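Asker: With the hints as constraints, model all of the structure from the sequences given.
The listed protein sequences correspond, in order, to chains A and B.
According to this note's numbering, the stretch in the first sequence is residues 1 to 446, in order.
According to this note's numbering, the stretch in the second sequence is residues 1 to 320, in order.
FYI, nobody ran anything at the bench for these hints, they're computed from the structure.
As the structure is a prediction and not an experimental result, all values here were calculated from the model.
Certain hints may be false.
What the hints assert, rightly or not - EDC-like, lysine to aspartate or glutamate: derived pairs with alpha carbons at most 16 Å apart:
(1) B:LYS225 to A:ASP130
(2) B:LYS225 to A:ASP55
(3) B:LYS225 to B:GLU208
(4) A:LYS446 to A:GLU8
(5) A:LYS314 to B:GLU291
Unchecked claim - Beta-carbon label-pair distances, calculated as ranges:
(6) B:LEU180 to A:ILE342: 46 to 54 Å
(7) A:ASP55 to B:LEU180: 18 to 26 Å
(8) B:LYS295 to A:ILE342: 44 to 52 Å
(9) B:TYR210 to A:ASN29: 58 to 66 Å
(10) B:LEU289 to A:THR243: 16 to 24 Å
(11) A:LEU298 to B:SER207: 43 to 51 Å
(12) B:LYS295 to A:PRO392: 28 to 36 Å
(13) A:ARG54 to B:TYR210: 15 to 23 Å
(14) B:GLU82 to A:THR243: 42 to 50 Å
(15) A:PRO392 to B:GLU242: 28 to 36 Å
(16) A:ILE421 to B:GLN171: 52 to 60 Å
(17) A:ARG54 to B:LYS209: 18 to 26 Å
Glycine included, C-beta positions come from ideal geometry on N, C-alpha and C.
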Amino acid sequence: MDNHLSLEESRQKLTQIENDLIRPLKSHNGFEMWVLFLLLLLILGFYAYYLQLRDGLGVTALRDYVQWGMYISNFVFFVATSLIGMLITSVLGLLRIPWITPLTRIAETIALAFAMFAGIVIIIDMGRPDRFPYLFLHGRLQSPILWDVTVVTTYVIISMLLLLIPMIPDAAILRRRMTDAPKWQQAIYKFLSANWIAVPEQYALIKKSIRVLAILIIPTALAIHTVTSWLFASTLRVGWDSTIFGPYFVSGAFVSGVAVVIIAMYFFRNNYKLHNYITDAHFNRMGQLLVLMCFIYLYFNLNEYFVPAYKMRKAEGHHLEALFTGNWAGIFWATQLGGLLIPMLLLIFKPFRKPLPAFIISVFVLVGAWFKRLLIVVPTQQHPYLPIQNVPENFITYKPTGVEIMLTILPMVGVLIVITIIAKLFPIVPIWETAHEQGVDESVIK
Amino acid sequence: MEENNPIIESGDEGRRNFLKKLGIFAGVGVAAAAGAVYVASDYEEKKNPEGKKVRVLTADGQLVEVPESELQKIEQEELDIEDELQRRGREGIAGKSWVMVIDLAKCRNARMCIAACQAAHQLRPEQYHINTLVMKDSEHSAPYYMPKPCYHCDNPPCVKVCPVNATFKRQDGIVLIDNLRCIGCRFCVAACPYSARIFNWFEPRDSEKYKDQPYDVELNVPQKKGTISKCLFSADRLRKGELPYCVSSCPNGVYWFGDMNEDVVVNGTTKEAARFSQLIKDNGGYTYLEELGTKPRVYYLPPKNRIFPAPGEEQVSSHS
Ligand code: SF4
Ligand code: SF4
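Answerer: Structure representation (structure tokens):
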């Protein structure tokens with residue numbers, strides 16, 4: 001590196017970076033309130049789940065026609081959002097895009113948290129969660145559910161490694177710095193630092209491992225969301241029976257993933273006072289990335305809705321009418337315009353890629369992305385080939401119940417808890433990579 | 001033609017033949033049963049007039065007589081019986097290829113089939129294994145009633161997607177559900193294009209009452225909370241050589257049921273027999289939405305020359 005510093009300068013620089021990035025781990029400003037809030041939601045969620053276990057899935061608004069609802073939409077949303085790890089760390093990382101360094105750990109943390117809880121969401125949706133082991137005892141390979149279980153598990157493992165391996169040098173630093181931390185916390189640092197002494201062999205090994213994992217995670221990430229889309233595309237249902245569901249879902253995944261990362265960046269930058277590390281330039285770049293992703297997703301939306309709408313085949317016509325002008329029109333247009341088209345257009349202009357506007361726009365995109373999943377999952381089931389007759393009114397309409405909403409929020413709370421824990425134990429911006437980038441001599445980073 | 005014409009096969013003989021064969025196969029099925037003393041005494045018990053001796057089938061298929069006083073139910077674990085019901089239920093009845101023909105010209109929405117089915121399968125009133133729908137194919141076509149069971153597809157999308165082999169296809173063509181295996185993922189419901197599947201969202205009707213009854217996969221009772229149910233072609237009745245619940249309870253002669261291998265179907269109301277192929281050929285029989293490639297086993301005869309008035313326009317609710 002041309003801005004290579006001398007050993008002494010290196011030490012000073014590193015200490016400064018360490019101070020900046022480790023400080024948030026020690027200050028507890030508002031932390032207790034936040035944890036209390038999460039715990040409260042957690043307890044409410046568990047109570048809701050108790051009710052569902054006791055009385056059956058009938059405590060939700062799901063019935064024989066709309067029989068996949070918010071839970072499954074949530075599952076798709078979780079899997080989608082978790083794909084961001086692959087985009088940032090792998091695709092951009094392998095392309096050696098320099099500005100992603102401070103964002104990789106945020107992206108990997110989000111990826112891991114969402115992927116882990118995607119599995120929990122599925123268990124919440126199961127009529128017989130006690131029989132979950134049957135998936136392994138009696139699993140049949142021709143079912144896309146088995147494929148999904150396999151790839152999501154693989155993805156969780158690779159994401160975890162992609163979070164932990166780059167953590168090794170940082171853990172060594174933390175071990176040195178966090179001497180006043182509780183015993184268990186120091187034990188974690190000791191374990192994760194894996195005898196790091198910052199010799200070139202170790203650097204070579206760590207970089208190589210990251211590279212291999214970064215390559216491995218690309219097909220895995222594509223697989224998890226493609227297979228998730230096949231849960232729908234492999235049926236004969238109008239609205240799901242589509243050949244472009246794989247890329248359609250994957251492109252949509254990047255939209256919500258980039259939005260989540262921007263939201264997290266904004267949060268960490270302000271609460272952790274990381275303005276020097278997560279800069280306006282990062283928001284600018286991520287804003288541009290979001291424009292690109294929205295554009296690709298818009299393209300797939302056009303294919304998915306416009307082409308069938310041009311033909312208006314009988315069954316498809318009912319489905320599309322419900323979306324365009326019927327009972328789903330409000331949500332449909334709100335997500336398409338407010339959650340996709342308008343954010344994309346705004347973000348084209350530089351002032352909107354400043355931190356605050358980018359953050360607000362990302363919130364819209366993210367909420368839109370969640371509702372978009374609902375639009376993919378639910379309306380199709382209200383338009384089966386055969387008419388819905390002789391059943392109570394609530395078999396046709398779908399109005400989610402309180403328990404159902406709580407149980408949709410529960411895994412989100414879980415995600416927040418995991419992110420909170422990781423961000424409390426480890427610097428959310430990698431120290432060693434940042435130091436390295438600023439020209440700090442490798443041998444001092446330990 | 002006045003109505004859809006059944007072709008009666010050489011008088012009464014065809015019918016007797018068919019029923020006899022049904023009986024033989026039911027016997028074979030039971031004979032194969034391990035632990036059959038219990039099963040047989042439970043299902044096929046035949047007391048002699050004096051009430052002193054009973055005939056039972058042994059595990060190796062022998063028909064023997066035992067004094068009733070010496071007969072005692074083997075206190076086996078309920079699970080053993082379930083295992084046996086499970087084994088024969090999953091296997092199906094060899095040599096059979098069940099088929100149903102529904103004559104739409106005769107249906108007047110009496111809904112007796114639905115009542116009989118719901119009673120047999122311990123269903124709540126809003127849970128249908130078979131549901132009679134008011135159909136209207138296009139704006140100017142006439143409405144008609146269409147009973148819709150599970151079509152027991154030969155290329156069943158529901159079976160393909162099940163992750164744990166809880167729904168499966170048997171050698172006799174029937175698609176069944178094993179609610180001891182089902183994990184309640186409801187992928188099969190999503191996959192069935194005919195909305196044939198239902199789910200136990202709550203504790204099933206009378207679940208308390210039947211909780212000690214061994215689970216019979218051919219009847220799918222006792223129903224279980226958090227699992228799937230659907231039409232089973234009354235596999236339990238077929239095993240006993242009887243017609244399905246819906247078929248035998250229809251007052252209007254709508255249903256024909258039989259064996260495609262023998263090419264014979266019997267009308268549930270009149271009990272007359274007909275050649276399946278001839279019935280379909282003469283009346284333009286078809287399967288519903290066959291372009292989906294599901295290969296249904298339930299055939300419809302078109303609603304022409306209806307013998308009852310068409311459903312009133314105001315009752316018609318099309319897709320929406
Ligand atoms: S009608 Fe539906 S449930 Fe029945 S076999 Fe066909 S796909 Fe499966
Ligand atoms: S709900 Fe049950 S029968 Fe249906 S696919 Fe899932 S496990 Fe199989």
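Asker: So, against the hints stated earlier in the document, which numbers end up violated here?
Answerer: none
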